[in-house]
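J.: Protein chains in written order, with this note's numbering: chain U, 1 to 345; chain G, 1 to 345; chain C, 1 to 345.
What the hints contain is simulated information worked out from the structure, not anything from laboratory work.
Some hints could be false.
You can't tell identical chains apart in this list, so a pair holds if it fits in one copy or across any two.
[Unchecked claim] Capping the alpha-carbon separation at 27 Å, the derived lysine-lysine pairs in BS3-like fashion look like this: (1) 95 to 192; (2) 335 to 312; (3) 95 to 261; (4) 142 to 95; (5) 240 to 53; (6) 192 to 240; (7) 192 to 261; (8) 21 to 335; (9) 21 to 308; (10) 261 to 240; (11) 21 to 53.
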Amino acid sequence: MLTADQIAAMVNARIHGDPGKAISGVSSFDDAGSTDLTFAVDHSFFSRLDETKAGIILVPNDAPAVSGITLLYSDNPKLAFFQVVAHLMPAEPLKEFIHPSAVIADDCVIGDGTRIEAHVSIGQGCTIGSHVHIMANTVIGKQCRIDDSCRISPNVTLVDKTRIGRQSIIHPNCVIGSDGFGFVQDGYAHAKLIHTGYVHIGACCEIGAGNTIDRGTLGITHIGNGVKTDNQVHIAHNVKIGDNTLVVAQVGIAGSTTIGKNVIIAGKAGISGHLDIGDGAIVGPYAGVVGNVSPGDIVSGIPHMPHKIWLKVSRIIPRLPSLRTRLLSLEKRIKKLESNRTEQP
Amino acid sequence: MLTADQIAAMVNARIHGDPGKAISGVSSFDDAGSTDLTFAVDHSFFSRLDETKAGIILVPNDAPAVSGITLLYSDNPKLAFFQVVAHLMPAEPLKEFIHPSAVIADDCVIGDGTRIEAHVSIGQGCTIGSHVHIMANTVIGKQCRIDDSCRISPNVTLVDKTRIGRQSIIHPNCVIGSDGFGFVQDGYAHAKLIHTGYVHIGACCEIGAGNTIDRGTLGITHIGNGVKTDNQVHIAHNVKIGDNTLVVAQVGIAGSTTIGKNVIIAGKAGISGHLDIGDGAIVGPYAGVVGNVSPGDIVSGIPHMPHKIWLKVSRIIPRLPSLRTRLLSLEKRIKKLESNRTEQP
Amino acid sequence: MLTADQIAAMVNARIHGDPGKAISGVSSFDDAGSTDLTFAVDHSFFSRLDETKAGIILVPNDAPAVSGITLLYSDNPKLAFFQVVAHLMPAEPLKEFIHPSAVIADDCVIGDGTRIEAHVSIGQGCTIGSHVHIMANTVIGKQCRIDDSCRISPNVTLVDKTRIGRQSIIHPNCVIGSDGFGFVQDGYAHAKLIHTGYVHIGACCEIGAGNTIDRGTLGITHIGNGVKTDNQVHIAHNVKIGDNTLVVAQVGIAGSTTIGKNVIIAGKAGISGHLDIGDGAIVGPYAGVVGNVSPGDIVSGIPHMPHKIWLKVSRIIPRLPSLRTRLLSLEKRIKKLESNRTEQP
Chain U
1 MLTADQIAAM
11 VNARIHGDPG
21 KAISGVSSFD
31 DAGSTDLTFA
41 VDHSFFSRLD
51 ETKAGIILVP
61 NDAPAVSGIT
71 LLYSDNPKLA
81 FFQVVAHLMP
91 AEPLKEFIHP
101 SAVIADDCVI
111 GDGTRIEAHV
121 SIGQGCTIGS
131 HVHIMANTVI
141 GKQCRIDDSC
151 RISPNVTLVD
161 KTRIGRQSII
171 HPNCVIGSDG
181 FGFVQDGYAH
191 AKLIHTGYVH
201 IGACCEIGAG
211 NTIDRGTLGI
221 THIGNGVKTD
231 NQVHIAHNVK
241 IGDNTLVVAQ
251 VGIAGSTTIG
261 KNVIIAGKAG
271 ISGHLDIGDG
281 AIVGPYAGVV
291 GNVSPGDIVS
301 GIPHMPHKIW
311 LKVSRIIPRL
321 PSLRTRLLSL
331 EKRIKKLESN
341 RTEQP
Chain G
1 MLTADQIAAM
11 VNARIHGDPG
21 KAISGVSSFD
31 DAGSTDLTFA
41 VDHSFFSRLD
51 ETKAGIILVP
61 NDAPAVSGIT
71 LLYSDNPKLA
81 FFQVVAHLMP
91 AEPLKEFIHP
101 SAVIADDCVI
111 GDGTRIEAHV
121 SIGQGCTIGS
131 HVHIMANTVI
141 GKQCRIDDSC
151 RISPNVTLVD
161 KTRIGRQSII
171 HPNCVIGSDG
181 FGFVQDGYAH
191 AKLIHTGYVH
201 IGACCEIGAG
211 NTIDRGTLGI
221 THIGNGVKTD
231 NQVHIAHNVK
241 IGDNTLVVAQ
251 VGIAGSTTIG
261 KNVIIAGKAG
271 ISGHLDIGDG
281 AIVGPYAGVV
291 GNVSPGDIVS
301 GIPHMPHKIW
311 LKVSRIIPRL
321 PSLRTRLLSL
331 EKRIKKLESN
341 RTEQP
Chain C
1 MLTADQIAAM
11 VNARIHGDPG
21 KAISGVSSFD
31 DAGSTDLTFA
41 VDHSFFSRLD
51 ETKAGIILVP
61 NDAPAVSGIT
71 LLYSDNPKLA
81 FFQVVAHLMP
91 AEPLKEFIHP
101 SAVIADDCVI
111 GDGTRIEAHV
121 SIGQGCTIGS
131 HVHIMANTVI
141 GKQCRIDDSC
151 RISPNVTLVD
161 KTRIGRQSII
171 HPNCVIGSDG
181 FGFVQDGYAH
191 AKLIHTGYVH
201 IGACCEIGAG
211 NTIDRGTLGI
221 THIGNGVKTD
231 NQVHIAHNVK
241 IGDNTLVVAQ
251 VGIAGSTTIG
261 KNVIIAGKAG
271 ISGHLDIGDG
281 AIVGPYAGVV
291 GNVSPGDIVS
301 GIPHMPHKIW
311 LKVSRIIPRL
321 PSLRTRLLSL
331 EKRIKKLESN
341 RTEQP
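Just chain U, with the same shape it has in the complex (with noise of 0.2 Å):
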């Protein structure tokens, strides 16, 4: 149990109500019982707090006060939110250990702490750091560099030299590292490119489930700290993704484009080869990137265009029957008036 008292104190909120009032679970609005805490961030929910049946609501500083519900105000309630959370269901401790069925090349140097599960391979020359978490049927390859506290998820392949910094987490049946789509037309025939490259992954990363991360051709694919990625996100040779950068469900980066630091890449975008999207860009949902984009710009559509213009045109684009129909019958007025025209003598 928590009192409002002690998660004020923990999350550095300011009261409403009963500073005795105490939960012990946690819940969403709609769902929550009277001994679970939850939050409210948007306004949408500020006229109905007395709608959630929740002991407790972490609430903004604007959020109006309601008489008879105990209120915490927090200059950012969802955070505050998953910190109690993070409290009250902590992660069990990693415990060391290395499952006997684990094939694990003689030359791999291993840190304290890490734990490597059932049926995983890691090749020669490999350094995993401390309290790394290699989880069940997970392949890694040749000379792989895993920093400490990461998480591998099972089923995932690290293809030969793959880097992974620090406190990052690798989901469930990812591929990091494999050979780029590149190819050079021989006669009719494709030859393939000998890879040499490799993925830098920086610290505090999520790659998503199912993603697809290629090797440089020469040279690296470089995965910049704090970036995090959804499931099925593909990302091809020798791209760049700088610091803080999130990118959405589906989305494809196409060879060697650079993308900047804490830019945003909704869901399903596709983004074309050898393009700069600059810092702070945000490239909106099913948009087809087929140039570079400036720092801070705002871009959707297929191909993109500033947001505000997209905003219009996909307005205007289900009305593109009706706006045919009257330019058809413009044509014929203005046939009307120059043949009346015409007429006068």
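Following the hints, complete the assembly by docking chains G and C onto the known chain U.
T.: For chains G and C alone, coordinates are given in the frame of chain U:
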């Protein structure tokens, strides 16, 4: 060998032609030989029923009779055809077996007749039903529940607490229960939301190869009974999908969206987050759905619009250059008319 | 070390500059150092041949000569460059070996010089050729046939009866031979079609990471010789793809479609089912192909249209708001002209 008579009795069909005609195999309309059964459901086949070499053809009740050809009239000839396929090529019965290389936590409960192949890992607290087939190299986390007669294909990852209803099939290399793409901004960095939810998949589902289905952040990602997903579908955290809905390949459904029953989502469509797609709705291929869809509505396009409008719009889009030219011409003609008017006394 | 002379002889190039100039490595144009070979195929590099620090540059025959720089003129400088890469960094020879943890059915036939890594499973009745490399944690079903010199990467699933021609590479986490998305409506439920077909992949193919290729429902899904697919490509049941066709990342091809030879399908394109895409056709990125494409045609857009028209259309789409405004203005002006005419005596 099966005679027309025997098949007619098996699938409740009416014979035209030779009741003693026998087949030993099945094939498609164009590849069939004289000892094959085939079927023709599409009207385009009716005029060329004499072109297949098949011994017997299953047809719908409104198909024409052709002399010299043995036809079986059925209410649902495609269903009937595949019932005969299942009769001729019965699945091998599943033999109870646990491969010695499988690593299964001591406290797991495993039902009768269940088969677990090589290099499988099953975590603590799992309950596996009867006649379940867990194929090679699949990883099952802690506290999962898999009901009777399921098939979990190779290289699948089921994350902790995943539940799968009876008779469901999970195709190879799926990830069920991965963390959602849930972060909260903390300065420029993105703090991870602890995920405490799980995925519930109903009975009689098929989840296509390479799907990724995220667990609920808090609460459940819920896939109803009889839902079928094609390959490379992405379903985000806290999505709900109603019974018997079909989701075609490479569709992405963003977080907290609710899809009704008997919905069809065609290939490569994307559905944004926090939306409601009503029962029986149809979403066209390549559509980008950015708002709610009412029950029974058919929508297409990016952004989505009523399918009937999209049909018109999609015919106009390639004619935009000519419409623009006509608009420019009108402008000139009007200018002329206007200047002419001004010149008039 | 290789001298310009030696390289010229190896790749049949003509030397400009110092025949004794030697390199020991390879690199990209901008990253190269003085002991690296690089190449410049793109005309944009010709004006800055003096900017790379590379010791030797491979260039096409129409590149300018620059004094003080050693150039090697070649008919295909990119191909030549990667031939030198292959010479400098030869692949390690494959050593015959079967890891003791591999589980291989007794009746499998395995050729000479084949290497099978840890945690592999191979089902009954498989035939594996010579010099095949089956990497860790890959699962091969029953009655598969893998011809000589193939590489099957880690965490791949080959379903029963899959056939792969000689010298083909299957990249990590692919699924080949999964059941297609084939159901028949039975009331509201969707009855599963028994799949009896399989996948045939030709010789000298590369199948990208995370691909899913479904078996034929009845009959074969056929991938021709020399076909290369990028990552996360989906190929449905009964698709046929002709020789040397290229399929870029995240493309989806629906059931029973036939793609010709020497076709290029760009990234994220979708192709609907039961279509014919002719030899040598090109499908642009993000395209949605909903009808047949003739041999040699180039198409783009959703829905697809001739690429030349799409280039015009894509320039007009962002100007739709202004075109609409101009149309509205025309309507007003015509109204004025009309009313003026009516007022005239």
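J.: Against the earlier hints, flag every one the structure doesn't satisfy and list their numbers going up.
T.: 3, 8 and 9
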